[in-house]
Amino acid sequence: MRNPQLNARGELRHLLTIEGLPREVLVHILDTAKSFLGVTEREVKKVPLLRGKSVFNLFFEPSTRTRTTFEIAAKRLSADVVNLAISTSSQTKGETLLDTVDNLAAMHADMFVVRHASSGAPFLIARHMKPHVHVVNAGDGRHAHPTQGLLDAYTIRHYKRDFGRLSVAIVGDILHSRVARSLIHALTTLGTPDVRVIGPQTLLPAGVEKLGVSVHHDMAKGLRDADVVVMLRLQSERMRGPLLPSAAEYFKSYGLTPEKLAFAKPDAIVMHPGPMNRGVEIDSAVADGEQAVILPQVTFGIAVRMAVMSILAGTSA
Amino acid sequence: MSAIELPDAEGLLAELVRKLRPQISRDTGIIGIYTGGVWIAERLHRELGIEQPMGSIDISFYRDDYAKAGLHPQVKPSNIPFDVSGRHVLVVDDVLFTGRTVRGAMNEIFDYGRPASISLVVLVDRGGRELPICAQYVGASVTVPESAMLALSRSDGGVLTLQLEKNA
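Going line by line, the protein sequences match chains Y and B. Sequential numbering of the first sequence, starting at 1, is according to this note's numbering. Sequential numbering of the second sequence, starting at 1, is according to this note's numbering.
Wrong hints could be hidden among the right ones.
[To be verified] With a straight-line cut-off of 30 Å between C-alpha atoms, the simulated BS3-like cross-links for lysine-lysine are:
| # | chain 1 | residue 1 | chain 2 | residue 2 |
| --- | --- | --- | --- | --- |
| 1 | Y | Lys-34 | Y | Lys-265 |
| 2 | B | Lys-166 | Y | Lys-130 |
| 3 | Y | Lys-221 | Y | Lys-252 |
| 4 | Y | Lys-160 | Y | Lys-210 |
| 5 | Y | Lys-45 | B | Lys-76 |
| 6 | Y | Lys-260 | Y | Lys-210 |
| 7 | Y | Lys-34 | B | Lys-19 |
| 8 | Y | Lys-75 | B | Lys-68 |
| 9 | B | Lys-68 | Y | Lys-53 |
| 10 | B | Lys-68 | Y | Lys-46 |
| 11 | Y | Lys-45 | B | Lys-68 |
| 12 | Y | Lys-46 | B | Lys-76 |
| 13 | Y | Lys-75 | Y | Lys-45 |
| 14 | B | Lys-76 | Y | Lys-75 |
| 15 | Y | Lys-221 | Y | Lys-130 |
| 16 | B | Lys-68 | B | Lys-166 |
| 17 | B | Lys-68 | Y | Lys-34 |
| 18 | Y | Lys-53 | B | Lys-76 |
| 19 | Y | Lys-46 | Y | Lys-34 |
| 20 | B | Lys-76 | Y | Lys-160 |
| 21 | Y | Lys-260 | Y | Lys-160 |
| 22 | Y | Lys-46 | Y | Lys-75 |
Bear in mind the hints are in silico, worked out from the structure with no lab data behind them. Quantities reported herein were computed from a predicted structural model and do not represent experimental measurements.
With these hints in hand, go ahead and build the complete structure from the sequences.
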């Protein structure tokens, strides 16, 4: 069966998950993003590619950063952008997901950027849409957050060049993290030989090794000689839940302090998808330190989303 | 496809250098269009001793056939390292055909600033214009079949050659 994200010529029509995408598609996105990065440094930070197209940001789950960066990316491509926070509108009146998107498609949407608490919701929308409408998954449940995975991959490539010789450690709540899953798929597809996940047993999904990663429960071992350290956000509901003793205790074991970071290579970079919990998963001395590339990640994220949207909108059914 | 006699690219380049030399001032900027135009601009930049660093642009984000053909598979980063505002800009391409690439290039340059003037420099003009665009500095005009693709290639030693390829 053909990957539902690709057309018959193997070109990207929707971006729903990184899993199963060929390496060339990922490299094409990263290369295109590099060209868009220059656009954002010019006097006029816009290109006319998506002029006359309408992009609907469809957020069924709250988000500030991701929604804003998608909005900026679409506007820099000259698209018209409509932002919808659905949790506060039709869904509360009982309208189904597909009825909602049908109504929006009738308003001549060309692209939907979808965030939804249910895994698979963007797939459902993509399958349901007419062929000229494109769908970008901006995070679905615990499943995938492909543009975050791509911007993380872009950041790593920017600082470390060649995936073929890197050790990347991903630390924290892997179980609930769509960011971790998307990054793991991106890294393995791009040929990263050593991807590690580090966290307490209760926050690692069963069988995570099958994704091609090694599993560690101890920071000293897991971070040893890593080139890249990716810290994940510990969501506050987990801190109160049964999976962890307390935020303070989590910080003691898994919070990234300068002392723990010293286990990694001296030139290791530290990433975080944001928003950060200082003093829970990351110490301020690290977050604001020289090895952190957390703010460049945000800048790169706009260029990566411009690349994704311009590739999708130019792909025919 | 060797029946048509193509001019020698190196000879045309020397001709362009000769024509351009009296026009160069401190306010001249030069921008090549990927890929062939960048090769020619590099040579012109060096041989004419242009003070401003050279710019190079990929017009993929400004193409008028995006809706039909999608995004070009290999977009190179554009880079104009001088301030175009108030400068006399030479835009360089290898082959002038429909004029659509030049239109895209002008649109892109204006997103960097407002130049005092833009002149077009091409190695060859093969006719077939679809827009009201003409070049101010032309190496040579050539006649080739409409279906053929005229392209510039560069050897490892940096020697430029014009080649005729059957269009895919």
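Violated constraints from the hint list, given by number and in increasing order: 2, 7, 15
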